[in-house]
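*Asks:* Residue-level listing of the chains:
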Amino acid sequence: MLAVKNLDVAYGHAKVLHDVSFNVQKGQMAFFIGRNGAGKTTLLKTIMGLLKPQNGSITYQEKEISGSSPEQLYLQGMRYVAQEKKVFGNLTVRENIEIAAYSSREPLDRALEKVTGIYPKLKGFLNTKAGQLSGGQRQILLVGRALVGDSNLLLIDEPTQGLAAIVIEEVGRILSGLKDRVSAVIVEQNLAIVKRLADRIYILKEGKVAKEIVDKSEISDTRGLEEYL
Amino acid sequence: MIYTILYGFTIGAILYFISIGLSLTFGTIRVINFAHTLTYTIGVYMLLTFIGYYKGFFFISGSLAVLVVIPISYVIERFIIRRLYGESLDYTFIATFAVTLIGVDTIKWIWGVSPYPLSDPIGAYLAVWGMTFPLYRVFIVLIAILLFFALDLFFKKTIVGKIVVAALEDKDGVRCLGINVDKYFSIVFILGSALAALGGVLYAPISSIHPYMGLSVLLLSFAVVIVGGMGNLKGTFVSAFALGMVMAITARYWSQGAETMVFIVMAIVLIFKPIDI
Amino acid sequence: MDKGKPLQTRSDKFREPPAGLMSTPMKERRMTDFLVIAACFLLLTPILSAHRVTDFMIFCIFVMSFDLMYGYMGRLSFGHMLFLGTGAYCSGLFIKYVSGNPILAIFVGILGACALGMLIGLIIVRTTGACFSLINLAFNQIGFFLVLSPLRGITRGEDGFGVRVSSFSFLNFANPTFKYWFVLLCLLLVFYLLKRVTTSPYGILIRSIKEDETRVKFLGYNTFFYKWLTFVLAGCVGGLAGTLSALNYNFVNPNSMDVHSNVGVVFASLIGGAGNLYGALVGGVAYMLISNFLPIYIHRWEMFLGFSLLIIVFKFRKGIWGNIQGIWEYIQKRKGVGRPEEGEAVKR
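Protein chains in written order, with the numbering used here: chain H, 46 to 274; chain F, 377 to 653; chain R, 15 to 362.
Hints are not guaranteed to be accurate.
As the list claims (entries may be wrong) - Here's a subset of chain F near chain H, in silico, CB distances under 7 Å, partners left out: (1) Ile-535; (2) Val-536; (3) Leu-553; (4) Gly-554; (5) Asn-556; (6) Tyr-560; (7) Ile-563.
What the hints assert, rightly or not - Taking lysine-lysine and the DSS-like style, the derived pairs with C-alpha atoms no more than 25 Å apart in a straight line are: (8) Lys-533/F / Lys-174/H; (9) Lys-484/F / Lys-131/H; (10) Lys-97/H / Lys-533/F; (11) Lys-97/H / Lys-559/F.
To be verified - Stretch-level coverage of chain H by chain F, calculated; a stretch enters the list once three of its residues show a Cβ under 8 Å from a Cβ in chain F: (12) 106 to 116; (13) 203 to 210.
By construction, these hints were calculated from the structure, which means they are not laboratory data. In this text, a Cβ means the ideal position worked out from N, Cα and C, and glycines have one as well.
Only chain H is shown next, with the shape it has when bound in the complex (with noise of 0.2 Å):
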């Protein structure tokens, strides 16, 4: 599904991602883990198209997209769910998704669907203006947005970042939902939520991949992780 090779991004002078390659199968869900600044958050939108790398190549389905723009990748079926919940606030709930719809040519009432699919409470919220939402509403309401349309591959950041402990279980609980439906890259502090849903675990640090996780109980020794963050 995605394929990323060698990649080098920048801002301005300051290189924040060194030589980045990993690779994500179709249905899987790859998390990335590391300290803040490590470049996480600069992989995700890169692969998105909001960075251009200066180096490397990115083969999404088979093709290279490096230097595509996002709006382009949304048609292809890669959606972005940034840090921070960020929704459309002074729209209400069943806007927001309806902006998605319009976009991805969904009948309206096919992509509500979908997204009170996934989390049924959500119904009562659809006049609701999103920036009144909580932060787990909101996170849920940005999950199930990037179903509209034909989603493949999620990129999406930080979700239980601020979240209460039950919201986290039940974040965890859609996520693990989509599991096999979507192909997924993750990016997560959560170690529990990486250990429960990851196929496939990568350490980000300083810009580097310093480590491939491919055995789970790996993780549960997060002292032995310590050299590598």
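Starting from the structure of chain H, add chains F and R where the hints point.
*Replies:* Below, chains F and R alone, put in the same frame as chain H:
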């Protein structure tokens, strides 16, 4: 005194028509368009031409004038404004002012420099409370109010409006939903320019027409947008009428000071609430 | 990403013209500068008239004052004419009502502009960007209105008033030749002064503020004070230009404070190349030539100017001087002359 108030409202209405486009352009594209009132001027001159053809049918000529401005503003947006995204103020100023120079000179070329008089198209009076008000001025104010509600509806109910509202809040967010935001911002720009032309058309019969008329209004519309808040629809509406009133009242007691008073208000607002550009 | 271009680090911006351009030591260079500048203006004189060139020189002084704020400090003002007008009116009124002494008049003119700059600078300098531009515009407009209406008693409003200077020993302002040399001298003095200022540590500080004010603040500098100082200095020189224009025309009217004339100064600064005293001079002359002579040859000169400006903004940002410098640097590099500039990455 009542007349002063009416005149204040009239000026306010015209300022609203002109400033709303400027405000929207800044709120969306984040470019301060110093060529904004060029479409105002073009609208007026087009009106004159069409009135010539249509033998004085003001409303048809006026509507046509506004429509003609649409492709012109598209050209300005496509070739100039779009290149000024994220540009610093000085270059934006020079570039857009250059457009004004070109535009004004073109107008002088085609229509000449001498002022044209145009008379009140309605010419009727409203007799209320023992006083007579020019109906035309009342008409202008009513249209402005209508416009306010129409714009409100547009941004709340249409998908284009909703996309713009969303993009104002989070442009990248909208882009990541597969929508080419710039295209919608262009629509907003053209809409704003057409409204400025409408303002020109409506004001033409009660003002003096000359190629530089856009420049005198430009500075005033800046004041309106700054006082009302860039990109703030309701604020622009209120500040347009407020400043219109300021002008009318100042003009009554101190005829040359009207515009200066507006600038004083603008300066005060800027000092206490500096804008972030 | 452009891999061919050398990395431009911050130190680039604070350099003087590159070593290659003038490799002679400071003092000698300055003398050369003066002679070159004086020579350029002298050369123009037989082509245009002395009176015209005097005009040009006064405008160049004004452009230099504007560029101090715009090019060096990065603040675009839409109301710089306020200082020109203040200088003109202060000195004019002084001559009319107090004394015809030209030296005192010049002093009063500059003082007036200085005082104004100090006062409104306190308010204005806090702001940046469009805010700064528009507040200046507002004050300019207020000033214009003041001389037009409320102060009409002394300023004669729209009509303006004549200014007759009395001779003071060898300073005979009635003599156009004298005026010419006097203005040229002023221009060279201003140039020298500003050159010293902009290449001093203060000048570097100002440029740092333009680039990244927060960083300079963190280094402990009171940026407000330095910005204010620059504003006042720009005002003073602007006032000098105003005073000179009053003495030159023997006349003062509200046109000296006309808001719309600000456009010309901005253009001149840009055409010549902002952030550069030579650029200010080149731009000043260029703009004066354009606005005075172009209308004669090209009927639709405003349109022509408009298109030229668009081309400059989109293609030739650095202005005339900037591009000349660029070409010179390029030639030097090709020749292999001059060391690699500070901060230039080694080409791979």
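*Asks:* A separate judgement is required for each hint: does it hold in the structure or not?
*Replies:* Here's how the hints hold up against the structure:
1. Ile-535: With a minimum Cβ separation of about 5 Å from chain H (threshold 7 Å), the hint on Ile-535/F holds.
2. Val-536: Status violated, d = 10 Å.
3. Leu-553: 5 Å, holds
4. Gly-554: 3 Å, holds
5. Asn-556: 5 Å, holds
6. Tyr-560: 11 Å, violated
7. Ile-563: Hint violated; Ile-563/F Cβ to chain H Cβ min 15 Å, cut 7 Å.
8. Lys-533/F / Lys-174/H: Roughly 14 Å between the alpha carbons, so the hint for Lys-533/F and Lys-174/H holds.
9. Lys-484/F / Lys-131/H: With Cα atoms ~50 Å apart, Lys-484/F and Lys-131/H exceed 25 Å; violated.
10. Lys-97/H / Lys-533/F: Not OK: Lys-97/H and Lys-533/F at ~36 Å, beyond 25 Å, violated.
11. Lys-97/H / Lys-559/F: 22 Å, holds
12. 106 to 116: holds (count 3)
13. 203 to 210: Three-residue rule not met by the segment 203 to 210 of chain H, so violated; n is 0.
In this structure, the earlier hints numbered 2, 6, 7, 9, 10 and 13 are contradicted, and the remaining ones agree with it.
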